[in-house]
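There are 2 protein chains.
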Amino acid sequence: MRIAVVAPSCPLKPEAAEAVEAIVAERGDCELAIHPQCFLVDGHFAGPDAARLAALREVMADPSVDAVWFARGGYGSNRIAEAALADLPAAARGKFYMGYSDAGFLLAGLHKAGMAVAWGPMPQDALRDGGDTAIHRALNWLVLRDASALEPHLQRPAMAFNLTVLSNLLGTPLEPDFTGVDLVVEEVSEHFYRIDRTMFHVTASANVRRAARLRLGRVADVLSNDVEFGADEQAIVADWCARSGIAFGGRADIGHDAQNRVVPFKREEA
Amino acid sequence: MRIAVVAPSCPLKPEAAEAVEAIVAERGDCELAIHPQCFLVDGHFAGPDAARLAALREVMADPSVDAVWFARGGYGSNRIAEAALADLPAAARGKFYMGYSDAGFLLAGLHKAGMAVAWGPMPQDALRDGGDTAIHRALNWLVLRDASALEPHLQRPAMAFNLTVLSNLLGTPLEPDFTGVDLVVEEVSEHFYRIDRTMFHVTASANVRRAARLRLGRVADVLSNDVEFGADEQAIVADWCARSGIAFGGRADIGHDAQNRVVPFKREEA
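Heads up: the protein sequence lines correspond to chains A and B, in order. Going from the first sequence to our numbering is simple: count from 1 and add 41. Going from the second sequence to our numbering is simple: count from 1 and add 41.
Keep in mind that the hints are not guaranteed to be accurate.
Unchecked claim - Some chain B residues judged to face chain A by a derived CB distance under 7 Å, without partners named:
{"id": "1", "residue": "Val229"}
{"id": "2", "residue": "Ser230"}
{"id": "3", "residue": "Leu264"}
{"id": "4", "residue": "Phe289"}
To be verified - Which residues of chain B face chain A? A partial, calculated answer using Cβ under 7 Å:
{"id": "5", "residue": "Cys71"}
{"id": "6", "residue": "Tyr116"}
{"id": "7", "residue": "His177"}
{"id": "8", "residue": "Asn181"}
{"id": "9", "residue": "Pro217"}
{"id": "10", "residue": "Thr220"}
{"id": "11", "residue": "Tyr234"}
{"id": "12", "residue": "Phe241"}
{"id": "13", "residue": "Glu269"}
To be verified - Just so you have them, the derived chain A footprint on chain B, three or more residues with Cβ under 8 Å:
{"id": "14", "segment": "82-90"}
{"id": "15", "segment": "182-191"}
{"id": "16", "segment": "294-306"}
Source of the hints: derived by calculation from the structure; they are not laboratory data. Where is the CB? At the ideal position from N, CA and C, for every residue including glycine.
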């Protein structure tokens, strides 16, 4: 299996790339092609929009590439997602796409366009505490379809998104159909009042209300309010689910951490 | 003119209430009724949802109240807005509603329901540097319909929103019709990458794309990126307008500050 790494959002750290290359060399069960675009820097981004788009389109169109692995999140994949999905080359359809966080904009659009995508760890996660296990988990899924990499309570079809990313893709051409979906969300570095506001927005969507249930992954690094908000993340999410008639399915095993599990969007990617 | 003050979001500071009462006493051209609910505290909010809703409904239904002035922003009016608009009492329709920031959720819903609303300074602004002028500007508009209080380049119909509030009300029952509207946005305490992401979301809306033009008020207290984003607020907003085919109308004189001008939503409130 040949896995191409591109960075549609922010630049990949060279030490993360080295760590992932070492893991792949040790495993010997796949080939990794880290695109030089991953190390470009243009302000916030891993190169200008045109460079990020060109690298993504290149690996999508390359028939020798079996999987496209998004290098990391941050911000910026939304700026090129619609263009990445235009006039899809035939080779784009035969491969697998994986990432999370900001890459959710692409996962949504690629899934909507019929491609096989999954929420899962990314190369930059190699730098987290316990990052090696995250990289192995991602590769165990990509290469071996190892079911132990999966979020353990998925009811297919399922999708996973960062909550803020989900909120920002509603109403855009990237918005997928949530009908009957086990919808899993997680969050990082937000205030509780923002999580509450984002849940208001997300659960007002008629499309989101057609989900089979909504589950909550980890909510990490909550920013402190000047006063205590008065409810925690689970109470907030359960409350908006109750208000909007969405079944709240409890907690899920995803998040911005090394324990983050894999959530394939297509029913048949079991 | 009798002006009722309620707090659908966060609590009003007593010293702001005193400052506004002193200004009103000095002016002698209106009567101020600050609802005790303004000083309730329940975690983040000026009392529980039920108390904030009850106070708002009470002043909306009171025929002796000519204007409802939202005490301050913060967060929380979205949690009660839909309920506030249900089964509207007849007396709710004859009055004027003013506020900004988080109160935009209510302005949107009230306007959509046919009521006269305006973006404009709020009682809590009395505590800003130059806050007295902001309070006088608001009262000059509410009491005297003084045109010098208005944002100076409005092309009616117009609306004004905090950008993040606008993003979070899209797709909800509060979303008004933006067709032909001079749409003015401003922002405070966000990172540039978030402003960029929010503009992506807002300008993807078919409804927003029907606006006559989009103008940018002040963007205050921008939070620093770990790296320079690479574009400022005006470049970001102009770029998303260009991408989405919305006319960018340049800068506007609103913001989270004492210079904040009034933007009435109804064409006839000139």
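Among all the numbered hints in the text so far, which are the ones the structure does not match? 1, 2, 3, 4, 5, 7, 8, 9, 10, 15 and 16
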